[in-house]
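Protein chains in written order, with our numbering: chain A, 207 to 479; chain B, 207 to 479; chain C, 207 to 479.
It is worth saying that the hints were derived from the structure and are not from the lab. Mixed in with the good hints, there may be bad ones.
Put simply, identical chains are the same to the list, so a pair is met inside one copy or across any two.
As the list claims (entries may be wrong) - Distance condition first, Cα-Cα at most 25 Å in a straight line; then the derived SDA-like pairs of lysine to any residue:
1. Lys400 x Asn210
2. Lys209 x Arg284
3. Lys368 x Lys475
4. Lys472 x Glu352
5. Lys363 x Asn393
6. Lys400 x Arg284
7. Lys273 x Arg284
8. Lys273 x Met207
9. Lys475 x Gly385
10. Lys472 x Gly448
11. Lys447 x Glu468
12. Lys447 x Glu357
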Amino acid sequence: MFKNCLENVRGRIPLIHNITNYVTVNDVANVILACGGSPIMSDEAEDVEDITSLCGGLNINIGTLHKTSIEGIFRAGRRANELGHPIVLDPVGAGASEFRTDTALSLMKDLRLSAVRGNISEIRTLAGDRGNTKGVDADIADAVTEDTLDEAVAFVKAFSRKAGCIIAVTGAVDLVSDGISCFVIRNGRPEMGKITGTGCQLSGIMTAYLTANPDSPLEAAAASVCMMGLAGEIGWSRMQKGDGNATYRNRIIDAVYNMTGEELEKGAKYELR
Amino acid sequence: MFKNCLENVRGRIPLIHNITNYVTVNDVANVILACGGSPIMSDEAEDVEDITSLCGGLNINIGTLHKTSIEGIFRAGRRANELGHPIVLDPVGAGASEFRTDTALSLMKDLRLSAVRGNISEIRTLAGDRGNTKGVDADIADAVTEDTLDEAVAFVKAFSRKAGCIIAVTGAVDLVSDGISCFVIRNGRPEMGKITGTGCQLSGIMTAYLTANPDSPLEAAAASVCMMGLAGEIGWSRMQKGDGNATYRNRIIDAVYNMTGEELEKGAKYELR
Amino acid sequence: MFKNCLENVRGRIPLIHNITNYVTVNDVANVILACGGSPIMSDEAEDVEDITSLCGGLNINIGTLHKTSIEGIFRAGRRANELGHPIVLDPVGAGASEFRTDTALSLMKDLRLSAVRGNISEIRTLAGDRGNTKGVDADIADAVTEDTLDEAVAFVKAFSRKAGCIIAVTGAVDLVSDGISCFVIRNGRPEMGKITGTGCQLSGIMTAYLTANPDSPLEAAAASVCMMGLAGEIGWSRMQKGDGNATYRNRIIDAVYNMTGEELEKGAKYELR
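Starting from the given sequences, assemble the full structure and let the hints guide the process.
Spelled out as structure tokens, the structure:
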């Protein structure tokens, strides 16, 4: 199943419009290329409608949100909705500032999103639940662990139904739900948290997967989460003495680049609840 | 000939003002340093005239063009023209949106450019010819191949004469013409297309070459194209099992850093038509 | 002493708010993670006060300053001052344009800074002394060498007293003074100048050190300078044939990631004047 999802990305080369932050944008572009998609970045209001019209999917990331780019995000989002393109929202820092929280909530209200991907604190903030965002990282009090898993799965399913889109919560354990089923994913390495932007990269990959697999969005989203986590495992296995987070960053993108559908199928660690 | 061009860059350390996109800007800065130049980035209208006055050349790249940065581009460009500095335009995504196409055409009309470097779809768009830009990549229908080479050379020569500047079209085969002669260059690797920004990097290098070689602009531009392609070949030869596009990106910049004039002279694959 | 400074960063994981340039921002984020801190980037005026309130320190870098971001810088700075957070200013390109010089001087006047870190030309410009900024690099005429060391130490001490904050001048020899004492630091490699943003990275690290070591700011600032230089030495020792500035960049961040307090203590090369 996941094998097909990846092969569809590599075969269809989806063109992805990214309105993303300037911190991790280069890695997002390279990882979209690595997984088989083709990225374009554009956040100027005058530019985004033409660009989105050329593309197949839209990735919105508010990591360095500017007041002046909000119009561009909405114009791109509305056009993507008109064209039936999948939209992924990465609500970076929702809960860390009113500005980010309010913008993310408006986007969820006014656009028809395919998926929202964030850490547990960001997602709890958007759900109006407790949510203790610590900057751009999840608060430890919110963490999804084996102990809190049942409650977290129930929460993600319920929020997915309410939001009307896939909700993907990533952390030590990842949860991806369409409101009915929930993938519980155990790929990845804790050291990925020492690299800026692995979450942003995943949102880019997820947009490519959703775009190339229109008929199975839940599987596509889950496959992208497994791919990123598995790439983190493969990249880590190639680390040598003296290597650190900069080299690890490159090795993860390299692992995405080289991963085959079969390797993804075989390496994905998940259960369906 | 190309040997001298590179040695002039390394000896003169041209200071290059870059108004470029936020996707690939870090790689552009590092590759300009790698080839022997010194980069500065500034796109604020209040800042650009002072910065350009300190520099020797100007690199304009519209990859993430904003309405608010257009004034800065024009102010920098006019000052560079007053000072006789070479200007390179990289019309990223011309043809992909009206906003980009119109801005690129205005820049070509209002500024005296030294060179325009783009993929074949972008360049055909600017020439008012057919041009099927697919996002930021060339459309396959436009590709310069051995079969279409004669026509493409004639087109590039004619457009160079009309535009009054060097036109550099990069792809599987690269063409660099001043309207009279045309370098047909066969360096490079197809895998370079899996890295974001190799074109942006080349435009930065080209600006450094043009600035350090004021008396032989066509040779300087062609030498920079050969350098980037040859670096792609050398970088590829150092790839190891498990490496992908992230590592390849680093190896290409490393190869630029280590290339000598003699290696460039020896490795450059071109004919003059 | 330096051992404790680093261990405090790793133990306290200071959250650092960065308003920085888009050229080197990704490396700044990764190096803050590497040294043990946690970075957030935000420059939107509507966003910065909430973000700074969550954080422990503020890193201001004017490398790609925009008129529209100045309000955000001041709002963040005033809030950081209210909260008693350390602020580091990196006046990239002060002296290269009136816009940058004026903004840096206003920031020094209106905010209570903990430290200003720049190259000698930038710092001389801010001191109203001669200062021959050559773009974003120091002019060779200004360089701090063994011959000019006594004068340079006296200058940095005097400017530190006048400015009321730590002044850190980095170059072949680094000087860090609180107006009374001056650390003279001889870590580092000249090849670090061939990588864009090692100065920006240091300013990020310095902010993390100052935030995690509120009781010994001079030692903390000096320790961060030694760490960056020592990482440059360690990274260089791992370079292999064919490696260049792109790989060197990664190896320096990797070296920061792996450095222990004891290694820093042992590898730091400094005298106190």
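So, going through the hints one by one against the coordinates:
1. Taking CA atoms no more than 25 Å apart as the test, Lys400 paired with Asn210 passes between copies only; the shortest distance there is 21 Å, against 31 Å inside one copy.
2. When the C-alpha separation of Lys209 and Arg284 is checked against a cutoff of 25 Å, the pair qualifies neither within a copy, at 32 Å, nor between copies, at 53 Å.
3. Taking the closest pair of Cα atoms, Lys368 and Lys475 never come within 25 Å of each other, the shortest separation being 27 Å inside a single copy and 59 Å across copies.
4. Within a single copy, Lys472 and Glu352 get their C-alpha atoms as close as 23 Å, which meets the 25 Å cut-off; across copies the closest is 42 Å, which misses it.
5. In this assembly of identical chains, Lys363 and Asn393 lie within 25 Å of each other by CA distance solely inside one copy; the values are 20 Å within and 53 Å between copies.
6. Taking the closest pair of Cα atoms, Lys400 and Arg284 never come within 25 Å of each other, the shortest separation being 35 Å inside a single copy and 30 Å across copies.
7. Taking CA atoms no more than 25 Å apart as the test, Lys273 paired with Arg284 passes in both settings, with 18 Å inside one copy and 20 Å between copies.
8. Proximity of Lys273 and Met207 under a CA criterion of 25 Å is satisfied in neither setting, with 41 Å inside one chain copy and 44 Å between copies.
9. In the homo-oligomer, the alpha carbons of Lys475 and Gly385 lie at most 25 Å apart inside one protomer (21 Å), although the nearest pairing across protomers, at 58 Å, exceeds that limit.
10. Taking the closest pair of Cα atoms, Lys472 and Gly448 come within 25 Å of each other only across two copies (18 Å); inside a single copy the shortest separation is 30 Å, beyond that limit.
11. For a Cα distance limit of 25 Å, the shortest separation of Lys447 from Glu468 across copies, 18 Å, qualifies, whereas the shortest one inside one copy, 30 Å, does not.
12. Within a single copy, Lys447 and Glu357 get their C-alpha atoms no closer than 40 Å, and across copies no closer than 43 Å, so neither meets the 25 Å cut-off.
Of the numbered hints stated above, those contradicted by the structure are hints 2, 3, 6, 8 and 12, listed in ascending order.
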